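Q: Residue numbers (numbering that gives the first Met the number 0), protein chains in the order written: chain A, 0 to 227; chain B, 0 to 217.
Derived from the structure by calculation, the hints contain no laboratory data.
Please note: incorrect hints may appear among the correct ones.
[As the list claims (entries may be wrong)] If you only want the chain A side, here are some residues facing chain B, beta carbon under 8 Å, derived:
hint	residue
1	Leu14
2	Ser20
3	Trp22
4	Ala56
5	Leu76
6	Ala86
7	Arg90
8	Ala95
9	Asp96
10	Ala115
11	Thr119
12	Ala181
13	Leu185
What you are looking at is a predicted structure, and each value in this text was computed from that prediction instead of being measured.
In this text, a Cβ means the ideal position worked out from N, Cα and C, and glycines have one as well.
Here's the letter readout for the chains.
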Amino acid sequence: MSRLFWNSFFAGLLLAGLAASFWPLPEHARYRSLTTVLPDGGRQEDFIIRWPDDRIARGSETVMELPAEAATGAAVLEDSTGQRVSAETFRVRDTADNVIGVAARLAGTGGAIADANRSTSNWLVVIPGRGAIFLSQPDMFDTTARQRDTLNGMITLSAIQDPAFWKGRKEQRVTAATPRYAGRILRGTGEFAGLSGSFRETWQFDGLGTEGRAHGRIVLSTLSESIE
Amino acid sequence: MKKRWPIALAGLLPGMLAGTAFVLFNPLTTGDRPAPLQANLVPDKSYRMDDYRGMSPDLASLFRGADRAAENALATPALAKLRIGIVVLPAGDGRPAALAVKISTLSEQNSLWRAQLGTFDYWNIFWPGEGSVFASGYSNYWPLLQDRFLNLLPGIDGEAAPVYPLSAQPPAGHLAGVNGAAGRYAGFIGEIRESLLMAASGEPGWQLSLKASPPPVR
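With the sequences and hints as input, model every part of the structure.
A: Shown next, in the form of structure tokens:
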């Protein structure tokens, strides 16, 4: 009897060990990274966002069942002196149009951040299973969203998302153009660890949708090299 | 023969319990917590993240991924195991309020033998008129799992700890830290710590602290 008890006890120990070893913990679905190696050894990778289709609405907006144009997914924080920060979240695609991750765009104005009528923006791009890349740039103009002074407090996105902005143009660079003020890759983690370099944010206009809203693509074009 | 099964079961169950306890409390794998911070940039700021999309912040999600229905925006295989939310870090302790985005993804290096059951957390925090920082950290929910296990045992006080320090050394190949991005924090570097605050009902809250300083002059 005693022998059976101890055999069973050790079998239990073994079962717990096997469960800890072979329990199928989740993994991310991932796509092959579509990077281009340049002749000078640099690495180029473009991240694409379809706007407004790839916007991620906030949880509270989906609960309220707002109309599509009101569910911006954006949030605004403004202080009493008019210095403002806005946040928008998106899905991110590779150049083959696979959804591979998410990105957040935070833009701020005023004070130590940017000159008048301009903003500085940060992109946080996260590709599950690969890591994250941190991008920062001064913008050519103010790209922050604003909270309307109305009772419902709805958010107005920056002018670049207005159909009127695209009259007579198909593409707009957002990253300030001078060499001193280029967009920078600050740091990366995981697969992007040890990379440094530059990036450029460009908005492209694809046309007007049936609902009268502008549709297009944001292209984040990164050019990096390993610094470690 | 009939009496053998109860004895086998009486041995098997304690064996499984002892094995589970060994995996959960193995001192060789559970001692990698970094020291708390004397925070300066964000001193122990509590926040809620109710307005998130994606994976729930609970243990079950760490074992099986997202479980929320109607997540159309994230209804694609590559986004099934992440959480994204916009957070307002409240003003206080001499700091204005900040707007932030936090993105958490399941760590693929999770391993029950190594006491790693966690998420990679990525932050971008922006203070109006002041500046912004990026931060990345690794949250290991192992202490929460240990507590849940203890609560299952008879005779153990079922009161949950009010605060669980989550920040842990990240798995190999990943870095934790703070990087200044814009404004007066450009170039700053530092550290991040996060804790989980248990709520009596509803979603839990979090506590964040950041310490960052200008880079050393060369």
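Q: Confirm or reject each hint.
A: Here is how each hint holds up against the structure:
1. Leu14: holds, 6 Å
2. Ser20: holds, 6 Å
3. Trp22: holds, 6 Å
4. Ala56: This interface hint holds because 6 Å falls under the 8 Å limit.
5. Leu76: holds, 4 Å
6. Ala86: Because about 5 Å separates A/Ala86 from the closest Cβ in chain B, which is inside the 8 Å limit, the hint holds.
7. Arg90: holds, 7 Å
8. Ala95: Hint violated; A/Ala95 Cβ to chain B Cβ min 12 Å, cut 8 Å.
9. Asp96: Hint violated; A/Asp96 Cβ to chain B Cβ min 12 Å, cut 8 Å.
10. Ala115: Violated. Min distance 12 Å.
11. Thr119: This hint holds: A/Thr119 lies near chain B, its Cβ roughly 5 Å from the closest one there, short of 8 Å.
12. Ala181: violated, 14 Å
13. Leu185: Hint holds; A/Leu185 Cβ to chain B Cβ min 5 Å, cut 8 Å.
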